[in-house]
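**Q** Just need the whole structure built from these sequences, with the hints factored in.
Residue-level listing of the chains:
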Amino acid sequence: MAGLQVIYTLWLREMKWFVRGKSRLISSLIQPFLWLAIMGVGMSAAFPMQGGASYLQFIVPGVIGMTLIFSSMMSGVSVLWDKQFGFMKEILVAPVSRTHVMLGKTLGGMTVSMLQGMLLLLAAGLLVGVWPPSIIAFIQVLAFMALISLGFVSAGLAFASKIEDPIAFPVVMNFIIMPLFFLSGAFFPIGTAPDWMKAVAHVNPLMYGVDGLRGAIPNTLDPQTIFGANFPMLIDFGILLVFCAAMILLGGYLFRKISA
Amino acid sequence: MKAKYAIETRGLTKKFGNLVAVNRVNLKIDDGELFGLLGPNGAGKTTLTHMLATILRPTTGTARVTGFDICKNPDKVRSAIGIVFQEPSLDNRLTGRENLDFHGRMYGMLKAQREERIREVLKIVGLTNRADALVQTYSGGMKRRLEMARGLMHRPKILFLDEPTLGLDTQTRRVVWEQVKSLNEVEKITVILTTHYIEEADYLCNRVGIIDNGKIVALDKPETLKDKLKGDIVSIKVAEPKKLLAILRGSRIVKEAKIVGDSLHLQVDNGGKALPKLIDIVRSHGGQVLEASLSRPTLEDVFIKYTGKAIREEKPENNARFMPMMRGHGWR
Numbered sequence: 001m002a003g004l005q006v007i008y009t010l011w012l013r014e015m016k017w018f019v020r021g022k023s024r025l026i027s028s029l030i031q032p033f034l035w036l037a038i039m040g041v042g043m044s045a046a047f048p049m050q051g052g053a054s055y056l057q058f059i060v061p062g063v064i065g066m067t068l069i070f071s072s073m074m075s076g077v078s079v080l081w082d083k084q085f086g087f088m089k090e091i092l093v094a095p096v097s098r099t100h101v102m103l104g105k106t107l108g109g110m111t112v113s114m115l116q117g118m119l120l121l122l123a124a125g126l127l128v129g130v131w132p133p134s135i136i137a138f139i140q141v142l143a144f145m146a147l148i149s150l151g152f153v154s155a156g157l158a159f160a161s162k163i164e165d166p167i168a169f170p171v172v173m174n175f176i177i178m179p180l181f182f183l184s185g186a187f188f189p190i191g192t193a194p195d196w197m198k199a200v201a202h203v204n205p206l207m208y209g210v211d212g213l214r215g216a217i218p219n220t221l222d223p224q225t226i227f228g229a230n231f232p233m234l235i236d237f238g239i240l241l242v243f244c245a246a247m248i249l250l251g252g253y254l255f256r257k258i259s260a
Numbered sequence: 001m002k003a004k005y006a007i008e009t010r011g012l013t014k015k016f017g018n019l020v021a022v023n024r025v026n027l028k029i030d031d032g033e034l035f036g037l038l039g040p041n042g043a044g045k046t047t048l049t050h051m052l053a054t055i056l057r058p059t060t061g062t063a064r065v066t067g068f069d070i071c072k073n074p075d076k077v078r079s080a081i082g083i084v085f086q087e088p089s090l091d092n093r094l095t096g097r098e099n100l101d102f103h104g105r106m107y108g109m110l111k112a113q114r115e116e117r118i119r120e121v122l123k124i125v126g127l128t129n130r131a132d133a134l135v136q137t138y139s140g141g142m143k144r145r146l147e148m149a150r151g152l153m154h155r156p157k158i159l160f161l162d163e164p165t166l167g168l169d170t171q172t173r174r175v176v177w178e179q180v181k182s183l184n185e186v187e188k189i190t191v192i193l194t195t196h197y198i199e200e201a202d203y204l205c206n207r208v209g210i211i212d213n214g215k216i217v218a219l220d221k222p223e224t225l226k227d228k229l230k231g232d233i234v235s236i237k238v239a240e241p242k243k244l245l246a247i248l249r250g251s252r253i254v255k256e257a258k259i260v261g262d263s264l265h266l267q268v269d270n271g272g273k274a275l276p277k278l279i280d281i282v283r284s285h286g287g288q289v290l291e292a293s294l295s296r297p298t299l300e301d302v303f304i305k306y307t308g309k310a311i312r313e314e315k316p317e318n319n320a321r322f323m324p325m326m327r328g329h330g331w332r
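Listed in order, the protein sequences are those of chains A and B. With the first letter of the first sequence counted as 1, position 90 gets the number 90 in the numbering used here; the numbers rise by one all the way through. With the first letter of the second sequence counted as 1, position 144 gets the number 144 in the numbering used here; the numbers rise by one all the way through.
Honestly, the hints are just simulated from the structure, not real lab data. Note that the coordinates shown come from a computational prediction; the quantities given were computed from them, not determined experimentally. Here a beta-carbon is modelled for each residue, glycine too, at the ideal position from N, C-alpha and C. Take these hints with a grain of salt, some might be off.
Stated by the list, open to error - On the chain B side, residues computed to face chain A include the following (Cβ under 7 Å): (1) Arg78; (2) Glu87; (3) Ser89; (4) Met106; (5) Gly108; (6) Pro297.
**A** What follows is the structure, encoded as structure tokens:
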């Protein structure tokens, strides 16, 4: 019970921050629409695909994955600001478990990230006409968004526990996010990539996330080809679950050792 | 089980690499005391406080706070103490009330308890009117008072105040002093404060521990510490203090002599009678007294006696707030 109270308290604070940071709030709400409009229109004009289906449909799961990984990993920066402004001392001197503190922050980051993911899904529906075809598919999309967020928010917190400098943090995060993102199959099918790249992509958790989303939101391209999902959905789900568990454990471990 | 002491340390030591920040401190503080740790910056006050507040683990030795061991039962200690840190530790994006509410939730208080207590502590520190403004709009003094209110939220038995008036103007400092005094006297809270302001320790504290280079070098009531010096302090300013120091030390009427800044501090039995004689001695050795003053011993003199130096009056360390690289070491 007391643990839940702590988790809720930390989550509530992250929410207040999100709602009160007006510029962050507005840009994070508009960004998904922007991504889809610019990327979609530009890319699909440049790469018309066989069968009349648009490239745009193919990249919707990829853009969702991209939005999720960026906003999730970056959410760890709140830990650095807490250290910077001394608030971390207030948290660390309280008679609460640091694991609960970490879980509260994780849920906060996850909520913001999921919100962005949902908006993107809405944008995709409105601008491109790509919806999950059924309620089941919608639930599957939510589940994959939740796992992607959970795993990468925890990873971001793990990094944030180790990095002291709030200016260095986004730079390091970009350095890590970029290769994960490019090798996730978000913008081009991994199936046609050279073997070494395929090998790397197969240890990339985001690849399984995008693959799972692509399974839940099928495009009109022939699903039997490289443009469809590469793995059965349960495999994607299982691997992401393992990734999440590992990141929560790592994040929890590093967060316990944090000093103000 | 009623604890015998509010705080009892045994050989409490903290090392950072080769640096011994706190060196085998043995300290007993009674319930209800307003205890002061007086020492220059870097003496180990904050490190000692942070160990007692369970933020830092001691290298060796241990302590009991309200009867609980800081290493074995940190959560019990945390529930029983409140702390106001030397540097700001508020969430600027929340309102004053929200900061207090966050604290109450973290200490497991229920909604009704929190609301009632928030009203009380806001009243104690006089911030009721500004409770719903964002903390980023608060002045430095208001932030300090809010931190004090927050430290009181969960009704701690002991309140640690780390340099409570650092960087505050004289007027605000007075306000904070009165609040600390009334907390101790009216609310019956044991207060441990660290300071490098002599007058703060002298005015506020029942007992003062003088800390230097990580060691407690003197510990008693301010009055007793001053009485121990016996007699008066004659301070004379001369052109060549070093040369005259040896000569004056040889004099029968001088019990102790020290150079402090560009003056000689001489401890004598009867200042009024001694002063003319001392001036004669200086003259007879070809020196000239530029200035002379006579005073009862102050806590500053006590400090000088035990540490061999005047307390360094340093400017408030505002810059530390903007230097992230300095953080994370827990000792300054």
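**Q** Take the hints in turn and mark each one as holding or not.
**A** The hints, checked one at a time:
no. : hint   : in the structure
1   : Arg78  : holds (4 Å)
2   : Glu87  : holds (5 Å)
3   : Ser89  : holds (4 Å)
4   : Met106 : holds (4 Å)
5   : Gly108 : holds (5 Å)
6   : Pro297 : violated (38 Å)
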